[in-house]
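Visitor: Fit chain to chain and form the complex, with the hints in mind.
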Amino acid sequence: MKAQITLLGIIVMMFVLAIPANAGGKGEIQKYFNDAANKVKATENVTEKRTILDESLKGMTKVLNMVQSSPLISNEDGTAIGHIKASLQEKQDELTGNNGYQRVPDTQLNNFSNYVVQSMEQAETITISLVALLLIIILVVLLV
Amino acid sequence: MRNLHSFLFKGATYPTLFISVCYAVLFMLSSSCSANLPVQREAQQMEKSVLEVKYSIVCIIHGDGDYLYHDTKGNEFKADVEALAGAKRVAQQNPNAEVFIFHQKPKRHFLFFFPLRDGEFFYYRNGRLIANELYWRDNEQARFEHEVELYRRFHVENQREMVSMFLYYGHEIPEFDGAGYDASYPDRMFTVTDLVSGLKDFTRDSTRFDLMILSTCFGGTPYTIGALGSFAKTIIASPENLHLSYFDLKSLERLDLRMRDGDVSTFAKRFAHQTFDRLTKDVQTEVSVAVYDIDSTHEFLNSVQKVYNKTLTTLDGKTQPAKTMIEHCDCGDLPSYVLPTINAGVNIFYRPALFGRSKYKQNHSGWECWRNIIP
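Sequence lines, in order, name chains A and B.
Heads up, the first sequence is in the numbering used here, so the first residue is 1 and it goes up one at a time.
Heads up, the second sequence is in the numbering used here, so the first residue is 1001 and it goes up one at a time.
This is chain B alone, in the form it adopts within the complex (with noise of 0.2 Å):
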């Protein structure tokens, strides 16, 4: 009692020392008070953001297999780094979009027994990285599980309308077998049906993507133009060969100047053309890029469906040596697809490669066949 008799006394001896304890605490309390206020103002600036994201891009870079090429000067190059390069540029220089980018890379392990994650996600919204995460890909369900699962994560629902695009850069999708497209996984499948699968569960309520864009080779073929039409108004694809430089990503930075009045198709027509311009000043081998406004290719797709299931359907029940005694073609080649509607919504840009049997042909349907060799 005495003691506390004693601190009170000496409290009130020192008063400047009391009054500033209870201002550092009137100060702490404060400060608690308002820490509310900066989470707020971020709360409503991300509203804002959100609000501001009128460009949605997917882009899917596989990156487990053969991807290696050189350019005229013989410089080394891995298209998937190039691609995943080129995508985080794209993400960056668009103040108005979010962007998907899932870099599907070779399985690694460390130590030779602890297996790494083969997959790497990454989010940008408003030009800013918002998420990083690495993720395993041998889910054998489901070929995009972890993929779509990612992307509802962080997906905006904007009320307000957005242009959507869905972008595939890789090697071929096979039609059918589809085994070792993973060097990683070589029993797995990939197909042109697992990416529909896919797809499926990227665009839930039902809505199209506005562009499509499958930088791939022979990617403008009638089936899976029809089976990837289900999914987007707008394609741009390749029908024959395409070099592993593969579309210009760059075309889509700056999204705000190049597409001010959201027209998607003329907006597609230009990115195939500058493609087009920078593959032919630097590749030998042919070029084509085409545009499929995929509402008016139903005509002649569904003229053409059941001849080229039918070639599909024989060529999948073939035996492997067999298969290696086909090869894609012109469609305008076979006289069963020669019809008034083959040219109907394509728009193609096509060269010849410039050494080969093929270098004096001078146009291209826009669709890819398959054909027997001729020995």
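Chain A extracted, bound-state conformation (with noise of 0.2 Å):
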């Protein structure tokens, strides 16, 4: 019987090891934004929305920066993640009425919040390497 149960969990660990290891990955950023756009879609209170909004994205902002000064980052991987902040403070601009934009009206937080998802989802992730990537996640989970 031992044996047996032994054999099972050989067997069974076999399959979980098959599992990739990269699987997961790049998108615990794209579910920071969409955690935050559940958030900003389950409240009825449109302060409420727009405190979740601009949480997120100065959390995010604020991981990037440490990201970026951090020895282990390459050129390329600091300018990559530039153009992410950049993006990030648009957003941001935009949610506040700064720099030149409109104000995000009430009514439209809700699709702004999708507009961040999505918006995140086509960045420049993809260039990105995975040393800097692992970095981002790992302050995304200690410090958001």
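Keep in mind the hints are simulated off the structure, nothing from the lab.
It should be emphasised that the depicted structure is a prediction, and the values quoted were computed from it without experimental measurement.
One thing to keep in mind: the hints can contain errors.
Rough simulated footprint, nothing fancy, chain A against chain B, three-plus residues with beta-carbon under 8 Å [what the hints assert, rightly or not]:
no. : stretch
1   : 1065-1074
2   : 1262-1274
30 Å max Cα-Cα, derived DSBU-like pairs, lysine-lysine [what the hints assert, rightly or not]:
no. : chain 1 : residue 1 : chain 2 : residue 2
3   : B       : K1073     : B       : K1054
4   : B       : K1073     : A       : K62
5   : B       : K1281     : B       : K1359
6   : B       : K1200     : B       : K1269
7   : B       : K1318     : B       : K1306
8   : A       : K85       : B       : K1361
9   : A       : K62       : B       : K1359
10  : B       : K1200     : B       : K1250
11  : B       : K1078     : A       : K62
12  : A       : K31       : B       : K1359
13  : A       : K58       : A       : K31
14  : B       : K1073     : A       : K39
15  : A       : K31       : B       : K1200
16  : B       : K1073     : A       : K85
17  : B       : K1078     : A       : K39
18  : A       : K31       : A       : K62
19  : B       : K1107     : A       : K41
20  : A       : K58       : B       : K1361
21  : A       : K31       : B       : K1250
22  : A       : K58       : B       : K1073
23  : B       : K1200     : B       : K1310
24  : B       : K1233     : B       : K1200
25  : B       : K1318     : A       : K41
26  : B       : K1250     : B       : K1078
27  : B       : K1359     : A       : K58
28  : A       : K58       : B       : K1250
To give an idea of the chain A side of the interface with chain B (calculated C-beta under 7 Å), a few residues [unchecked claim]:
no. : residue
29  : Q30
30  : Q92
31  : E94
32  : G97
33  : N99
34  : N111
35  : F112
36  : N114
37  : Y115
38  : Q118
39  : S119
40  : E121
The beta-carbon is built from N, C-alpha and C at its ideal position, and this holds for glycine as well.
Guide: Set out below in structure tokens:
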């Protein structure tokens, strides 16, 4: 009986280990904004919606700043992270109505949260190296 | 001898048993004689089904990369998995078609050391799955070597005229560089040139696909359309970013009803319109779906070929940090591309992003170019 259980355990382990190591990976950044969008849509309170969006954008910018200043990051990664930061800043400006942007109307906040998710899904995370990406993921989990 | 005599004698005394054995042997013989009949019938049916193939569809789905996306309800999807399910539905819903589906999957290992096959092939004919094979993608020489081999093995050589389609679902196909397209093979290159080599092998009899659907971001550049145009009469592509929910495969189901008149051009416009309508319902970022009638675009492409190739050569020679300082833009925003022929052969469905700097942009030329990022 013991031998059968051990054998079953080995078989289960074999299947588990066959799962790709990079499953999830870059998706963590997208999930982060998707979670924020879900929270935005879950509340009726407009001020709360704005706060959630603002904090999520600021939180990711803070993480990107830390990663960008890390000695582990290459110049290319630094530039690519800079683009993502610029894109996040534009979204924050639009949310608050700064830098020539019209403030996102209260009625459009749910759509705006979808826009942030979709925009990040097609952002250039693909050009960021695995090291930079792992740092971002670790810091998102730890700090945000 | 006595025993034999005794046996024959007993056989004579049991005539019923003897006759039964004879009948059994006769039955077996007659059965074995008629055994070819079902095979023959099947072969005839097969021949009939081959004759009934009116559509031939090749669908390549790239899944070796970051393909995660969310719908507006927050549900998580993997673009390649969704596209695969859609392609299978297309195959099952078309009784008069043969459909080749190639799913390029991430590299995986069993117990860390033993590599698993990272390509999966499905072949459907007359709505039925005929073959499902796993194959290796790690071929160094030609990007689509195994896909072409499988295609040649199963492709129906039909005398009758068929409507042929080539579908590519994946990320933007780079015009230069191309390293890192496959997450599992970071050093391996994949560019438009590699797709062109693959298409050369698919269409070795030098016929063009009637319709090519390029479900990727930034597919509508003068170089990409010019290069792929040698292998297709009509191309549907997105000049701008394309949301990972992709172009609608649903519109390819029941082609016998949707393309009854065999007019591929009209079908392509309808396909683009339906995809555009669906995307604009859910997507907040910009949506662009263009139909290129290749023969009508030649004049424009010839006029801009020199200037566009020069741009590509310059970009290709740039260092990596310099390459991060360029971005895609509408060719219509660049004076050297604004020619009287820019709209010839292009049908574009465009809606700007609902937020962001470009939300006031009202139209798009249908052609995508490169420019330096203005700091």
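Visitor: Next step is simple, just say for each hint if it's right about the structure.
Guide: These are the hints, each one checked on the structure:
1. Beta-carbon proximity to chain A at under 8 Å applies to 7 residues in the stretch 1065-1074 of chain B; the threshold of 3 is reached and the given coverage holds.
2. Coverage of the stretch 1262-1274 of chain B by chain A is violated [criterion: at least 3 residues with CB-CB distance below 8 Å; count 0].
3. Taken as a hint, the K1073/B and K1054/B pair is broken in the structure, with Cα atoms around 39 Å apart against an allowance of 30 Å.
4. Straight-line distance between C-alpha atoms of K1073/B and K62/A comes to about 27 Å, which keeps the hinted pair within the 30 Å bound.
5. For the hint pairing K1281/B with K1359/B, the CA-to-CA distance comes to about 16 Å; that is within 30 Å, so the pair holds.
6. Only pairs whose Cα atoms come within 30 Å are accepted, and K1200/B paired with K1269/B is accepted, the gap being roughly 26 Å.
7. The hinted pair formed by K1318/B and K1306/B meets the criterion: a straight-line CA distance of about 19 Å does not exceed 30 Å.
8. With a C-alpha separation of about 23 Å, the suggested pair K85/A and K1361/B falls inside the 30 Å cut-off, and the hint holds.
9. With a CA separation close to 27 Å, the supplied pair K62/A and K1359/B stays within the 30 Å bound.
10. At most 30 Å may separate the alpha-carbon atoms for a hinted pair to count; K1200/B and K1250/B meet this at roughly 28 Å.
11. Under the criterion of a C-alpha separation no larger than 30 Å, the hint pairing K1078/B with K62/A is consistent with the structure, at around 28 Å.
12. Note on K31/A and K1359/B: the hinted pairing holds, with a Cα-Cα distance of about 25 Å set against a maximum of 30 Å.
13. Between K58/A and K31/A, the direct Cα distance comes to roughly 16 Å. Compliance with the 30 Å bound is thereby established for this hinted pair.
14. Restraint check for K1073/B and K39/A: the C-alpha separation of about 11 Å stays at or below 30 Å, so the hint holds.
15. Taking the CA atoms of K31/A and K1200/B, the gap is about 40 Å. The hint is violated against a cut of 30 Å.
16. Of the supplied pair hints, the one linking K1073/B and K85/A holds, its CA atoms being roughly 26 Å apart against a limit of 30 Å.
17. Between K1078/B and K39/A the alpha-carbon distance is near 22 Å, which keeps this suggested pair within the 30 Å criterion.
18. With a CA separation close to 17 Å, the supplied pair K31/A and K62/A stays within the 30 Å bound.
19. Proposed proximity of K1107/B and K41/A is contradicted: the alpha carbons are some 37 Å apart, above 30 Å.
20. Distance check on the hinted pair: K58/A and K1361/B sit about 28 Å apart at the alpha-carbon level, within 30 Å; holds.
21. For the hint linking K31/A to K1250/B, the alpha-carbon distance of about 27 Å falls within 30 Å, and the restraint holds.
22. Restraint check for K58/A and K1073/B: satisfied, since their Cα atoms lie roughly 23 Å apart, inside the 30 Å limit.
23. This hinted pair checks out: K1200/B and K1310/B have alpha carbons roughly 25 Å apart, not beyond 30 Å.
24. Distance check on the hinted pair: K1233/B and K1200/B sit about 15 Å apart at the alpha-carbon level, within 30 Å; holds.
25. Only pairs whose Cα atoms come within 30 Å are accepted, and K1318/B paired with K41/A is rejected, the gap being roughly 44 Å.
26. Annotation: proposed proximity of K1250/B to K1078/B holds, straight-line Cα distance about 17 Å (limit 30 Å).
27. Between K1359/B and K58/A, the direct Cα distance comes to roughly 23 Å. Compliance with the 30 Å bound is thereby established for this hinted pair.
28. The suggested pairing of K58/A with K1250/B is violated, with an alpha-carbon distance near 40 Å, which exceeds 30 Å.
29. At a threshold of 7 Å, the smallest CB-CB gap from Q30/A to chain B is about 6 Å, leaving the interface hint in force.
30. Against a cut-off of 7 Å between C-beta atoms, the interface hint on Q92/A is violated, since the closest Cβ of chain B lies about 12 Å away.
31. Restraint check, E94/A versus chain B: the minimum CB separation of about 6 Å is within 7 Å; hint holds.
32. Interface restraint check: G97/A against chain B, minimum CB-CB distance 12 Å, threshold 7 Å, status violated.
33. The interface hint given for N99/A is violated, since its Cβ lies 10 Å from the closest Cβ of chain B, which is over the 7 Å cut-off.
34. Below 7 Å, beta-carbon pairs count as interface contacts, and N111/A has one with chain B at about 6 Å; its hint therefore holds.
35. Among the interface hints, the one on F112/A holds; its C-beta lies about 6 Å from the nearest C-beta in chain B, closer than the 7 Å criterion.
36. A hinted interface residue such as N114/A counts as satisfied when its beta carbon comes closer than 7 Å to some beta carbon of chain B; here the least separation is about 5 Å, so the hint holds.
37. A hinted interface residue such as Y115/A counts as satisfied when its beta carbon comes closer than 7 Å to some beta carbon of chain B; here the least separation is about 4 Å, so the hint holds.
38. Interface restraint check: Q118/A against chain B, minimum CB-CB distance 5 Å, threshold 7 Å, status holds.
39. Below 7 Å, beta-carbon pairs count as interface contacts, and S119/A has one with chain B at about 6 Å; its hint therefore holds.
40. Using the Cβ-Cβ criterion of 7 Å, the hint placing E121/A at the interface with chain B is satisfied: the shortest such distance is roughly 5 Å.
Hint compliance for this structure: hints 2, 3, 15, 19, 25, 28, 30, 32, 33 are broken, all remaining hints hold.
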